[in-house]
Amino acid sequence: MGKIRLIVLDVLKPHTPSLIDLSSALSDIEGIEGVDSTVTEIDKSVETVKITLVGEDIDYEKIKGVIEKMAGSIHSVDKVSAGSILVKEASTPQDR
Amino acid sequence: MGKIRLIVLDVLKPHTPSLIDLSSALSDIEGIEGVDSTVTEIDKSVETVKITLVGEDIDYEKIKGVIEKMAGSIHSVDKVSAGSILVKEASTPQDR
Amino acid sequence: MGKIRLIVLDVLKPHTPSLIDLSSALSDIEGIEGVDSTVTEIDKSVETVKITLVGEDIDYEKIKGVIEKMAGSIHSVDKVSAGSILVKEASTPQDR
Amino acid sequence: MGKIRLIVLDVLKPHTPSLIDLSSALSDIEGIEGVDSTVTEIDKSVETVKITLVGEDIDYEKIKGVIEKMAGSIHSVDKVSAGSILVKEASTPQDR
Amino acid sequence: MGKIRLIVLDVLKPHTPSLIDLSSALSDIEGIEGVDSTVTEIDKSVETVKITLVGEDIDYEKIKGVIEKMAGSIHSVDKVSAGSILVKEASTPQDR
Amino acid sequence: MGKIRLIVLDVLKPHTPSLIDLSSALSDIEGIEGVDSTVTEIDKSVETVKITLVGEDIDYEKIKGVIEKMAGSIHSVDKVSAGSILVKEASTPQDR
Amino acid sequence: MGKIRLIVLDVLKPHTPSLIDLSSALSDIEGIEGVDSTVTEIDKSVETVKITLVGEDIDYEKIKGVIEKMAGSIHSVDKVSAGSILVKEASTPQDR
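Protein sequence lines, in the order shown, are assigned to chains A, B, C, D, E, F and G. In terms of the working numbering, the first sequence opens at residue 1 and continues consecutively. In terms of the working numbering, the second sequence opens at residue 1 and continues consecutively. In terms of the working numbering, the third sequence opens at residue 1 and continues consecutively. In terms of the working numbering, the fourth sequence opens at residue 1 and continues consecutively. In terms of the working numbering, the fifth sequence opens at residue 1 and continues consecutively. In terms of the working numbering, the sixth sequence opens at residue 1 and continues consecutively. In terms of the working numbering, the seventh sequence opens at residue 1 and continues consecutively.
Rather than coming from a laboratory, the hints here were simulated on the basis of the structure. Keep in mind that a hint or two might mislead.
Claimed, not checked - Derived pair list, reagent style DSBU-like, types lysine-lysine, alpha-carbon separation capped at 35 Å: (1) K64/A / K44/B; (2) K3/C / K69/D; (3) K88/A / K62/C; (4) K44/B / K62/A; (5) K69/C / K69/B; (6) K69/B / K69/A; (7) K88/B / K88/E; (8) K3/D / K64/D; (9) K44/C / K88/A; (10) K88/G / K64/A; (11) K3/A / K88/B; (12) K62/D / K88/C; (13) K88/A / K88/B; (14) K44/B / K44/A; (15) K88/D / K3/D; (16) K3/F / K69/F; (17) K62/G / K3/G; (18) K88/E / K44/B; (19) K88/G / K69/A; (20) K3/D / K64/C; (21) K69/B / K88/E; (22) K62/A / K62/B; (23) K64/D / K88/B; (24) K88/G / K88/E; (25) K88/A / K3/A; (26) K62/F / K88/F; (27) K62/D / K3/F; (28) K62/A / K88/G; (29) K64/A / K69/B; (30) K62/A / K69/E; (31) K88/F / K3/E; (32) K3/F / K62/F; (33) K64/F / K88/F; (34) K3/G / K69/G; (35) K3/B / K62/A; (36) K44/G / K88/D; (37) K62/C / K88/B; (38) K62/A / K64/B; (39) K88/E / K69/E; (40) K44/B / K64/B.
Working from the sequences, and respecting the hints, build out all of it.
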């Protein structure tokens with residue numbers, strides 16, 4: 001099967017463990033080169049985070065495992081890039 | 001005939017098989033170098049996905065075969081690029 | 001006469017032949033290096049397509065011939081670039 | 001006198017001669033390297049075209065001569081760049 | 001654990017010590033290569049500052065220590081990037 | 001004193017002498033490398049022009065002299081860049 | 001202490017001395033490589049100017065001294081960048 005190069009996740013997590021610890025743990029998974037975690041909403045006890053993961057060969061089950069072990073849950077997978085090159089979404093009039 | 005270099009598809013699919021499995025399978029097709037799959041709408045049982053495929057020589061029928069085998073259906077072909085170079089759409093006042 | 005390097009066309013076409021076949025045929029014309037075809041509107045029986053053609057020496061009559069042979073019609077020529085270099089439209093306050 | 005490197009013109013022209021013929025003729029003028037002609041408005045018998053001309057040493061009178069010989073008229077000169085380098089308009093709060 | 005490469009903080013601080021002194025002190029922390037401090041709101045006695053820290057291996061506790069020693073408090077951690085490369089947040093339709 | 005590298009002027013001028021002649025004359029001043037003149041408003045007898053001048057060592061008084069000799073007047077100096085490098089205005093939340 | 005690489009100031013100044021003289025004087029300060037001065041508001045007797053200063057090692061007190069000697073006053077320090085590299089503010093959903 002073709003390798004996964006990029007995944008964007010919408011994740012709900014408690015404030016503890018911190019975003020820093022979660023990002024660090026995710027970047028440590030085999031096949032991951034880097035992680036961007038951006039907070040999109042903060043509530044009293046939880047925060048919604050958009051997580052962009054980039055790598056040469058990303059294993060979704062391992063990512064899910066780490067997020068759940070750290071008390072988070074994946075709401076949705078919003079973007080996936082696969083193949084020998086990292087393709088960007090082409091802009092179309094349907095986006096505008 | 002001139003070779004197809006890029007196709008953008010609007011696809012409706014059930015939540016299973018996952019976007020990750022669909023993207024991986026598409027990127028494995030001969031002539032495809034990479035795939036970006038971006039979710040544009042999520043409903044209870046289905047999701048709408050904008051799929052950008054890039055390659056040296058893309059065979060639309062093979063792509064359609066993989067998407068349908070994985071329970072998806074192509075709503076529309078929104079963009080096609082063909083030729084010896086990958087041409088970008090020029091911006092015009094008609095877009096604005 | 002100076003050579004034509006880029007043309008943007010507004011084309012109306014039936015759903016068959018497909019956008020993929022039309023793009024491939026256009027990219028095969030002598031003097032064309034690549035083609036981007038972007039769907040701007042879809043109706044029951046026809047679609048409106050913005051076609052950007054790039055090449056070293058584009059012959060408009062050949063393009064028109066291919067489009068009409070494939071049951072399409074050119075509504076308007078929206079942009080033309082000619083000369084020894086490919087000039088981009090300069091932005092002015094009149095555009096804004 | 002300093003050499004003219006870029007001119008943007010607002011031109012009114014009949015549909016015939018075509019935009020392709022006008023652009024080709026303009027790009028053929030001595031001192032012109034390339035021309036972008038972008039249609040900004042189409043009426044029944046005339047079209048308004050924004051023409052961007054780039055070159056090492058542009059002679060406005062020759063451009064005007066070609067446009068008028070091809071039945072067009074220059075409404076306004078909207079931008080001029082002159083000198084040994086091609087300067088871009090700097091963005092200021094007054095534009096916003 | 002994976003190394004932290006970038007952190008964005010939302011910080012509330014009194015006007016003294018100055019933003020210049022705070023930025024300089026933060027950039028002096030081991031593992032930090034540079035700091036951007038941008039004022040987002042100014043009140044009579046306090047200012048809200050968005051602080052972007054970039055480095056090879058950022059220690060959040062040291063940053064927090066310096067900010068608090070200089071009378072500031074961290075309201076929220078808005079973005080974290082971790083791993084062997086500095087990943088940028090991918091744009092998705094959910095942002096728009 | 002530090003050398004002036006870029007000036008943006010808001011200039012009011014009659015239609016004659018032309019924008020082409022004014023731009024050419026300005027680009028001919030010692031210390032000027034290039035000039036962009038962009039029309040922001042046209043009235044019956046006058047036009048408002050935003051002029052961006054770039055050079056290694058710009059003398060404002062010479063520019064003012066040329067503009068006034070060609071019947072124009074400087075309304076305001078909207079931007080100045082000085083020093084050994086050409087610095088761009090940094091974006092801040094106050095601009096937005 | 002970490003070196004200051006960029007400062008953005010909001011400055012109120014009388015029309016005389018001119019923006020050109022102020023920019024030139026600021027760019028002449030030791031440790032400054034370049035200055036962009038952009039007018040954001042003009043009143044009858046004063047103008048508000050956004051000043052971006054870039055350098056290897058900027059001394060705020062010297063800048064303040066020059067601005068005040070030239071009859072200006074600093075309203076606010078809107079951005080500061082410090083460290084061994086010039087960090088750009090990361091974009092976050094909180095900006096939008």
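- Between K44/G and K88/D, does the CA-CA distance stay at or below 35 Å? holds, 30 Å
- Within 35 Å, alpha carbon to alpha carbon, are K3/C and K69/D? With a Cα-Cα distance of about 20 Å, the restraint between K3/C and K69/D holds, given a limit of 35 Å.
- Within a Cα-Cα threshold of 35 Å, do K3/F and K62/F meet the stated pairing? holds, 14 Å
- Message: Tell me if the straight-line CA distance from K62/F to K88/F falls inside 35 Å.
- Response: holds, 24 Å
- Task: Sort out whether K62/B lies within 35 Å of K62/A, counting only the CA atoms.
- Result: OK: K62/A and K62/B at ~30 Å, within 35 Å.
- If you draw a straight line from the CA of K88/A to the CA of K62/C, is it 35 Å or shorter? holds, 33 Å
- Query: Given the hinted pair K88/E and K69/E, is their alpha-carbon gap at most 35 Å?
  - Reply: This hinted pair holds, its Cα atoms lying about 31 Å apart.
- Query: Within 35 Å, alpha carbon to alpha carbon, are K69/B and K88/E?
  - Reply: Between K69/B and K88/E the Cα gap is close to 34 Å, so the pair holds against 35 Å.
- Message: Please verify whether K62/D and K3/F have alpha carbons no more than 35 Å apart.
- Response: violated, 38 Å
- Regarding the pair K88/G and K64/A, is the alpha-carbon distance no greater than 35 Å? holds, 32 Å
- Is the Cα-Cα distance between K69/C and K69/B 35 Å or less? holds, 34 Å
- Query: Taking 35 Å as the top limit, are the C-alpha atoms of K62/A and K88/G close enough?
  - Reply: Since the Cα atoms of K62/A and K88/G sit roughly 33 Å apart, the hinted pair holds (cutoff 35 Å).
Checked against the numbered hints listed earlier, the structure breaks hints 20, 27, 30 and 35; every other hint is satisfied.
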